[in-house]
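Those protein sequence lines, which keep their order, are chains A and B.
In terms of the working numbering, the first sequence opens at residue 1 and continues consecutively.
In terms of the working numbering, the second sequence opens at residue 1001 and continues consecutively.
Some clues are possibly wrong.
Straight-line distance between alpha carbons at most 25 Å, and here's what the computed PhoX-like set of lysine-lysine pairs gives [unchecked claim]:
| no. | chain 1 | residue 1 | chain 2 | residue 2 |
| --- | --- | --- | --- | --- |
| 1 | B | 1086 | A | 92 |
| 2 | B | 1040 | A | 92 |
| 3 | B | 1086 | A | 83 |
| 4 | A | 61 | A | 92 |
| 5 | A | 462 | A | 255 |
None of these hints come from the bench; they were simulated from the model.
Since we're looking at a predicted model, the values are computed, not measured.
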Amino acid sequence: MNTKTAHELHSLLAAKKVSSVELTESVFERIEKVEDRVRAYVTLTKEKALQAARKADEKVKKGETLSPLEGIPIALKDNLCTKGTLTTCSSKILANYIPPYNATIIEKLQKIGAVPTGKTNLDEFAMGSSTENSGFHPTHNPWDLNRVPGGSSGGSAAAVAADECILALGSDTGGSIRQPAAFCGVVGLKPTYGRVSRYGLVAFASSLDQIGPLTKDVTDCAILLNAISGHDPKDSTSADLPVPDHRKALVNDAKRFRLGLITELTGKGIDEQVVKAVREAARKLESLGAIVEEVSLPTFEYAVAAYYLIAPAEASSNLARYDGVKYGHRSQEGSDLINMYYNTRREGFGPEVKRRIMLGTYALSAGYYDAYYLKALKVRQLIKEDFDKAFQRFDVLLSPTAPSVSFKIGEKTADPLSMYLSDIATIPVNLAGLPAISLPCGFAEDLPIGLQLIGEAFAEEKLLQVAYTYEQNTEWHKRKPGL
Amino acid sequence: MQIDVEHIARLARLGLTGEEKKLYGCQLARILEHAETLQKLNTDQVPPLTHTLPLKNVLREDKVIPFENTADIVNNAPVEEGQMFKVPKILE
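Build the full structure now, drawing on both the sequences and the hints.
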């Protein structure tokens, strides 16, 4: 039962073929069985889950109609504030933090009666590409337990792939939904910047962060996107625009879609098997009526360098709030205030977070601001212009989601730069604030490969239609890891 | 590239061990070396892009909305006294 999708289960719940309590129990049985090997979660909320499940079952009993996600178990990345439930960002500095309020999207999910299974592991403060930077424990890829699930939403992606939930939420600052989705063989969408409220998402890099779905198929992705989208007065950067019904985009038809295959991401530096799978996916879409041509975005090669100045700069500012005063860890060492700060932050933050705070502080410091931070913002403008030009000719752009399949645990930890470069295909999208989806498009040595589709701002419907068409005409999404 | 790690750590209020200072010194230098590639692009006429949405000042009514749950805020503090956050002394 726990292997099914949300839309399949919704029909079963409505037809009284299964109850939400039974479904929730089956998810927790699965967690019991595989979690000690996968380690996708940092906190489980079984009591809260069963409570929500019973409520959904009551409604069915009374003959009331269920909303699409009512009674469906969903896992939440542990950087989403949940009132009364630990929200740690997988950081020792927040190990005991219990938010006094809910993120807006958590409020929305509660209102529609979704069942919260627990909080999933991430790279500390969402900084990383492998979930190895978690302050608690690494998460293992369900397809090969010796490999990483990707990151930073590695816990959410692994939980979906291992059927330890039905669907999940993640956040994406430079690829943190899409890259783990690719590594774990599930669907992951980063919405347009501003589509989903960030209120209650613990801030990493505020001009880049977005919350989005990780699901077993494209239909569930559209359903979850519907549930979380929309303007929020509590997030002044959320867009005050009407939200379409994304399910209407689930049409099995790619005819007349102009697709641009990104030259810079289908050549040098990208694993051959990954390129082959993506080219085959492009041919498949062509055979389904789409028009596919190559497109060059020459500034792409500068995106990682620009990102690793902009994101750490914003992070160094956002993370100044962890000072041992209002919440979180406080050092027992140091008798005055300034030494309390030094020691609290030394003890509470892990190595990657410290590295990025240092990098960001440097990029913003007197004498270097223009050369690094400002320069990076100008390059960001050029990257956006490259996209604008491409979208004059194309509806959707295609690329691999990641330059390789999942790598081994420990393989890249010694060399931060090589880890950063694994985000080469996803980072430009965040810099330009665009929506993009990753979906399974093949396997290399039994490890999933992700296809990335990139759209214009607020054109999620186009992405979903092309993704849905591809999915309906392929079988990749039906494969399951042999846990 | 020479980076004054101690100065940066001080700005960031980050206590670092001697080993960490050495490690971050090397790693930052390598990352910044990669960042130097940006200098190849001419950006003299390019405006900086801080934000991707065409948003200007977002204003709302200046209205007080009480937050009922202040006890839970204070409960998260490592050290508190009544409704206040307690900190080590600032002045002798």
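Status of each hint after checking the structure:
no., hint, in the structure
1, B:1086 with A:92, "holds, 21 Å"
2, B:1040 with A:92, "violated, 40 Å"
3, B:1086 with A:83, "holds, 24 Å"
4, A:61 with A:92, "violated, 44 Å"
5, A:462 with A:255, "holds, 12 Å"
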